[in-house]
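Novice: For reference, the chains in residue letters:
2 protein chains.
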Amino acid sequence: MAKVKSDKTFFHGKSESTGVLLINLGTPQEPTKSSVRSFLKQFLSDGRVIEIPKLVWLPILYGFILPRRPEASARNYKKVWMDEGSPLMHYSLRQQKLLQKEMESRFSGPVHIELAMRYGDPDIQAGIDKLQEKGVRRVLILPLYPQYSATTTATSFDEIFKVFSARRWIPELRFVAQYHDHPSYINALAESVKDFWKTNKRSEVLLMSFHGLPKRNLELGDPYFCHCHKTGRLLAEKLDLKESEWKLTFQSRFGKAEWLKPYTDKTLSEMPAEGIKSVDVVCPGFPSDCIETLEEINMENRGYFMEAGGQDYQYIPALNDNPEHVKALADIVQQHTQGWPETESDWQASNAEKQSEISKKQAQKHGAKL
Amino acid sequence: MAKVKSDKTFFHGKSESTGVLLINLGTPQEPTKSSVRSFLKQFLSDGRVIEIPKLVWLPILYGFILPRRPEASARNYKKVWMDEGSPLMHYSLRQQKLLQKEMESRFSGPVHIELAMRYGDPDIQAGIDKLQEKGVRRVLILPLYPQYSATTTATSFDEIFKVFSARRWIPELRFVAQYHDHPSYINALAESVKDFWKTNKRSEVLLMSFHGLPKRNLELGDPYFCHCHKTGRLLAEKLDLKESEWKLTFQSRFGKAEWLKPYTDKTLSEMPAEGIKSVDVVCPGFPSDCIETLEEINMENRGYFMEAGGQDYQYIPALNDNPEHVKALADIVQQHTQGWPETESDWQASNAEKQSEISKKQAQKHGAKL
Numbered sequence: 048m049a050k051v052k053s054d055k056t057f058f059h060g061k062s063e064s065t066g067v068l069l070i071n072l073g074t075p076q077e078p079t080k081s082s083v084r085s086f087l088k089q090f091l092s093d094g095r096v097i098e099i100p101k102l103v104w105l106p107i108l109y110g111f112i113l114p115r116r117p118e119a120s121a122r123n124y125k126k127v128w129m130d131e132g133s134p135l136m137h138y139s140l141r142q143q144k145l146l147q148k149e150m151e152s153r154f155s156g157p158v159h160i161e162l163a164m165r166y167g168d169p170d171i172q173a174g175i176d177k178l179q180e181k182g183v184r185r186v187l188i189l190p191l192y193p194q195y196s197a198t199t200t201a202t203s204f205d206e207i208f209k210v211f212s213a214r215r216w217i218p219e220l221r222f223v224a225q226y227h228d229h230p231s232y233i234n235a236l237a238e239s240v241k242d243f244w245k246t247n248k249r250s251e252v253l254l255m256s257f258h259g260l261p262k263r264n265l266e267l268g269d270p271y272f273c274h275c276h277k278t279g280r281l282l283a284e285k286l287d288l289k290e291s292e293w294k295l296t297f298q299s300r301f302g303k304a305e306w307l308k309p310y311t312d313k314t315l316s317e318m319p320a321e322g323i324k325s326v327d328v329v330c331p332g333f334p335s336d337c338i339e340t341l342e343e344i345n346m347e348n349r350g351y352f353m354e355a356g357g358q359d360y361q362y363i364p365a366l367n368d369n370p371e372h373v374k375a376l377a378d379i380v381q382q383h384t385q386g387w388p389e390t391e392s393d394w395q396a397s398n399a400e401k402q403s404e405i406s407k408k409q410a411q412k413h414g415a416k417l
Numbered sequence: 048m049a050k051v052k053s054d055k056t057f058f059h060g061k062s063e064s065t066g067v068l069l070i071n072l073g074t075p076q077e078p079t080k081s082s083v084r085s086f087l088k089q090f091l092s093d094g095r096v097i098e099i100p101k102l103v104w105l106p107i108l109y110g111f112i113l114p115r116r117p118e119a120s121a122r123n124y125k126k127v128w129m130d131e132g133s134p135l136m137h138y139s140l141r142q143q144k145l146l147q148k149e150m151e152s153r154f155s156g157p158v159h160i161e162l163a164m165r166y167g168d169p170d171i172q173a174g175i176d177k178l179q180e181k182g183v184r185r186v187l188i189l190p191l192y193p194q195y196s197a198t199t200t201a202t203s204f205d206e207i208f209k210v211f212s213a214r215r216w217i218p219e220l221r222f223v224a225q226y227h228d229h230p231s232y233i234n235a236l237a238e239s240v241k242d243f244w245k246t247n248k249r250s251e252v253l254l255m256s257f258h259g260l261p262k263r264n265l266e267l268g269d270p271y272f273c274h275c276h277k278t279g280r281l282l283a284e285k286l287d288l289k290e291s292e293w294k295l296t297f298q299s300r301f302g303k304a305e306w307l308k309p310y311t312d313k314t315l316s317e318m319p320a321e322g323i324k325s326v327d328v329v330c331p332g333f334p335s336d337c338i339e340t341l342e343e344i345n346m347e348n349r350g351y352f353m354e355a356g357g358q359d360y361q362y363i364p365a366l367n368d369n370p371e372h373v374k375a376l377a378d379i380v381q382q383h384t385q386g387w388p389e390t391e392s393d394w395q396a397s398n399a400e401k402q403s404e405i406s407k408k409q410a411q412k413h414g415a416k417l
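Heads up: the protein sequence lines correspond to chains A and B, in order.
Residues 48 to 417 (the numbering used here) are what the first sequence spells out, left to right.
Residues 48 to 417 (the numbering used here) are what the second sequence spells out, left to right.
It is worth saying that the hints were derived from the structure and are not from the lab.
Watch out, some of these pointers could steer you wrong.
For identical chains, the list gives no copy identity; a pair is met inside one copy or between any two copies.
What the hints assert, rightly or not - The calculated lysine-lysine pairs, modelled on DSSO-like cross-linking and capped at a C-alpha distance of 27 Å, are:
| no. | residue 1 | residue 2 |
| --- | --- | --- |
| 1 | K407 | K209 |
| 2 | K248 | K125 |
| 3 | K412 | K285 |
| 4 | K126 | K177 |
| 5 | K308 | K408 |
| 6 | K408 | K125 |
| 7 | K88 | K209 |
| 8 | K61 | K181 |
Quantities reported herein were computed from a predicted structural model and do not represent experimental measurements.
Make the full structure from the sequences, and use the hints.
Specialist: Encoded structure:
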């Protein structure tokens, strides 16, 4: 075993709190070739993401992908970059801030929300460090992936496992594995679509586009495909859509293997010939707008639809910092933190301080250097 | 990354359930030299247990300990072996069985309690397999160590982390890190002492003996010493003991380094000279009787006390399968599983079946082989 890291943040009398670590995928720091290259290198070296033997994959990654893709990818990042920086980072930070405020109003005791990225910065180790420095002894891990996949959720969990396997004092951990059918999440999606339709003319079809995966992952037992379909079905039910009024597709195919079908780009190219001239596209699997929604869906795929004879193409933004999204995340946090002292209505600052003071005095009696 | 194990236990329409994995340390299968040797080899190879660089430790382990200790240890195991087998295994299985019954009465939905041992059999991988075969999608990890230590709790967590880092579909996980000050656990301890005093004459002093650790572990940040002291203080308060009526000590010292003090054996040898001729000994850190309580405390340490001039020495059994212990474990499980559907009062078999049936039909529509 590697040497374990000791807990240097603890001192007797320090007040305990509950923490939540939000995890998203990550983003390059800048829309530049070198920044994209270093991000892609880490992302595409993850064995949960690319399930090809390293001996086969690494020559492809280093020989073809990393020399070529970053330049094109950086151009796409530039198209969607905001004044505030990376859209994914901007909205993730907003979610963290708003959720912090919301949980403070819901919990009796202290709570700290931190944000980490699976690839790039701030990394998961840094997120855990920040929580532990704040005296967190109970941590809820909440990956911002509503639908479970080994390529996203499990690799985030792996990294948490790795961090804590090398620490002496592991806090109480709980993991949210998915929230694909959580009523508050479905409600937030439905409200965001309805809000869009209040100010924009409704199209003939609502297309729900989820990030794709190789079909092989489904065959090997990844529940992602099923989770996406359940989210889609529940959203369609909540919006009272007839079967002809919505479609579910998978985007972002990469490589030559067969991926989850139908493909978003192919579907959009075929729709005008089938008589569908207007479409609204929503991406329910993405909690924040990012290159996959803003460039791939709102620009590239818009082009395929219009070139094929489409007339109206509207992209409905991700949930981002919508109040209903923050409420949904807060409901999920609340569901999964029950039983922890800080969440309980009988938690009292004076009592927590008193207990902490008793423990401190006892520790001093036993010779602790505080 | 090692190749991940796919989930072969899932099929569409399978009903979901909550699971609890109880983890204890383990025991040799038989009180024989070879069985003890293989158990000790695994236990003492754990880098969380023996924090000495492998290059230094392995020659000691293979050169001195494994050739010598198993024979003496097997003799000790023979002294405490029950008709039912290993006491630790016997009581752990009883706890599993009784907790299963108790949780069935408390939860609305299906729940499965499994037992695993950190060393020896049934191992943690096997425990997880059994739960997953039963359709468990939410798992509470409950190590049967009331006081947290990296040498016990953290190494159990490590093994859970290892198992799931190699699986595709990780269920929703929650971990109980300690219950050293849980009111129901303190109550169960207090009741077991009071019950003992109802049928046995109460001695002058109640000695609480906990398993020891090298003092260095405390200095590096292991909270075990503090947790033991808090358990002791709360138990003494609950029993209305004056300061002169109880002592807290640490047993099972091994090797030449300084361990947590005061030592149980030294304390017991000194008590008669201080005028204390009768003592009741309880081991609040051990949920089940085992070689450390039955042989070390009830036999070996009894000898030290009597040889030094003591007159009455009584060992108060571990909580084992006491109804109050089962209630305490059930209260802990209930505290930590809130928010999971099967624990909620609105869970209904008919509704769960209906949802499962809808998902199955949808899956068939999308071409799933069920």
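Novice: Could you work out which earlier hints the structure fails to respect and list their numbers in ascending sequence?
Specialist: 1, 2, 4 and 6
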